[in-house]
Amino acid sequence: MAKRRSLLQRCVTPMAEIPRSAVLAVGIAMWAFLLCGWLILSNGGLVPPMFLPTPAAVLKTGWDLLQNGTLLVHVWSSAEVVLAGFIISSLIAVPLGLLMGTFPIVQAMLEPVVNFIRYLPVTAFVPLFILWIGIGEEQRITVILFGTFFQQLIMVSDVARQVPKDLLNASYTLGTSRASVLWQVLAPAAVPGVLDALRITMGWAWTYLVVAELVAASSGLGYISLKAMRGFQVDVIFLAIAIIGALGLVTDQGFRFLRFKVASWAQ
Amino acid sequence: MGAIGNSVMVESPVSLASSPEQVAAAPRAKLRVDNVSLHYANRKGGITVALDKVSFDVPEKQFAVLVGPSGCGKSSLLYLAAGLSEATSGRILLDGKPIDGPGADRGMVFQGYTLFPWLTVRQNVEFGLKRRKLPAAERRDIVSHYLEEVGLTKFADSYSSHLSGGMKQRVAIARALANDPQVLLMDEPFGALDSQTRMQMQRLLLRVWERSHKTVLFVTHDIDEAILLGDRVLVMSARPGRIARELTVPIPHPRSMDQVMEPDFIALKREILELLHPERESDETD
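Here the protein sequences line up with chains A and B, keeping their order.
Per the numbering used here, residue 1 is the first one in the first sequence, and the count goes up by one each step.
Per the numbering used here, residue 1 is the first one in the second sequence, and the count goes up by one each step.
A portion of the hints provided could be inaccurate.
[Claimed, not checked] According to the in silico footprint, chain B covers these stretches of chain A (three or more CB under 8 Å from chain B):
no.	region
1	162–174
2	186–194
[Claimed, not checked] Distance windows between CB atoms, simulated:
no.	chain 1	residue 1	chain 2	residue 2	range
3	A	G248	B	D157	31 to 39 Å
4	A	Q162	B	D157	38 to 46 Å
5	A	R118	B	V260	55 to 63 Å
6	A	L249	B	S85	47 to 55 Å
[Stated by the list, open to error] Counterexamples of contact, computed for chain B against chain A with all Cβ distances above 10 Å:
no.	residue
7	T48
8	E60
9	S70
10	E86
11	R106
12	M108
13	R131
14	N179
15	D231
16	P240
17	E246
18	Q259
19	M261
20	A267
No lab work stands behind these hints, which were simulated from the structure alone.
Glycine included, each C-beta is placed from N, C-alpha and C at the ideal position.
Please model the complete structure; the sequences and the hints are all you need to start from.
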């Protein structure tokens, strides 16, 4: 039997598989390294606490805000806005994107406009939205809607376009009508790709949320972050950032789980 | 409509519609390709003639094979027969009725893998039966019969991503046959398979066909495959695609792979080779 390559050799071989334990180990090591760096910089007094809080201070602030209930109010306020904007956007973008990818006439009509709009930074529209809609929750929902919708439309239409034409042809020769082929073949074939598109755009929706809240809001994680800046409460800023990251991670894993459940055939 | 009625039979269109028995009584082809041409615009701005006035019949229960070099339009012809694309001129008739769009009466097995990946093997075979709204019990019986035919009963609940190429094509054959089409169109179904699997599939198809005697139009560029499977071989020439010759295969059924070595088979193979590669002969005589 040939001599097995050592772990080190495998780690430096391009595209070689490495054991799961190694994957886990380096993942944890990276986090530990970052945390250690933070501890040394903050607790070691290398950076003044006004600019960099200690991990313990952030945890304590988080605990305090959780106890007096304000944290959950702000988390929910942000989550509500993200979910509303994201769901409204998805409900329109997914069907429309499927039509756009399926019917060249719909694509020819929408694509020139969509491609123009989707390169406009959503931040540029914030002043306009404030002028039109005000500074309420609707304004923030609109920012998220606007930021995700056009991206979703293009991504979903690409998914639909990649469904092999011979799948449709095969279904026609089995007696499927032109009208029902959309529902019988195109939609199920697009499910995994659509879920991937939703998962990716969900991440963007969280990004736009903070943009919207930094500018005009009276609650939410972006809002407490901005308020904390004025009061030099750097621990609250850190907390808000960590929570946004954690919520993003949770929704991402949620989509992965959903994709695994409803489209396990695509794995 | 008048023109169509005239060429089918010299009677008024009214009696054509009212007496289908009379139509069926006449000895006629199951599938008739009638003067079909296919032109399309190419990139240089010119016109490519993919098929040029092709005519032939496939009688009921015949296994007909179209063989020809790549680009001779043999696959295009199959797509036309399936109703998946439109001819520039001419028409194709099934049981005397001109084909206008795809339908379940013409089953097709494609060159690429076309199983629905979100459905299991069983659900794939059931797909056409569901469209036809057959009762569940009947569907179950038909599906298990055809899975048995192609030897995939054990994989009934697998998804296509877990199947090999040969198995996928076996499911595709079962799916097409389960729908009980009038004609089975097969577009180089074994073209992507390795030679061992391809031989297995040919054996399997022979066995299945010898039991069902479906009317088949099969496209291939493999001459051995054409002779082994076909009752009749239609040799096509390329650019423009035309039927160069029709040959009857005199080998009786049941057939086996051993017949590839027999003199009848080899003589036929030589004849087709010379039709497809006339330059070969001149190379040798030079």
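Check on T48/B being off the interface with chain A, judged by Cβ distance over 10 Å: holds (20 Å)
No chain A beta carbon within 10 Å of R106/B's: violated (6 Å)
Could you check the hint for me, namely that L249/A and S85/B are 47 to 55 Å apart, CB to CB? holds (49 Å)
Taking a Cβ-Cβ distance under 8 Å as contact, does the region 162–174 of chain A have three or more residues in contact with chain B? Three-residue rule met by the region 162–174 of chain A, so holds; n is 9.
Within the region 186–194 of chain A, is the number of residues with a Cβ closer than 8 Å to a Cβ of chain B three or more? It holds, with 3 qualifying residues against the three required.
Verify that the Cβ of E86/B lies farther than 10 Å from every Cβ atom of chain A, and report whether the claim holds or is violated. Nearest chain A Cβ is 14 Å from E86/B, so the label holds.
CB of G248/A to CB of D157/B, is that within 31 to 39 Å? Because 37 Å falls inside the window, the suggested range holds.
Minimum C-beta separation from S70/B to chain A exceeding 10 Å: can you confirm that? Holds, because the least Cβ-Cβ distance between S70/B and chain A comes to about 18 Å, which exceeds 10 Å.
According to the definition I'm using, a residue is off the interface if its beta carbon is farther than 10 Å from all beta carbons of the partner; does P240/B meet that for chain A? Check passes; 24 Å lies beyond 10 Å.
Can the suggested window of 38 to 46 Å be confirmed for the beta-carbon pair Q162/A and D157/B? Once the Cβ atoms are compared, 27 Å apart, the range 38 to 46 Å for D157/B and Q162/A is violated.
Distal placement of E60/B relative to chain A, Cβ over 10 Å: Non-interface label on E60/B holds, nearest chain A Cβ at 19 Å vs cutoff 10 Å.
Closest CB of chain A to the CB of R131/B still more than 10 Å away: R131/B is in fact no farther than 10 Å from some Cβ atom of chain A, at 4 Å.
Violated hints, listed in ascending order, are 4, 11, 12, 13, 14; each of the other numbered hints is respected by the structure.
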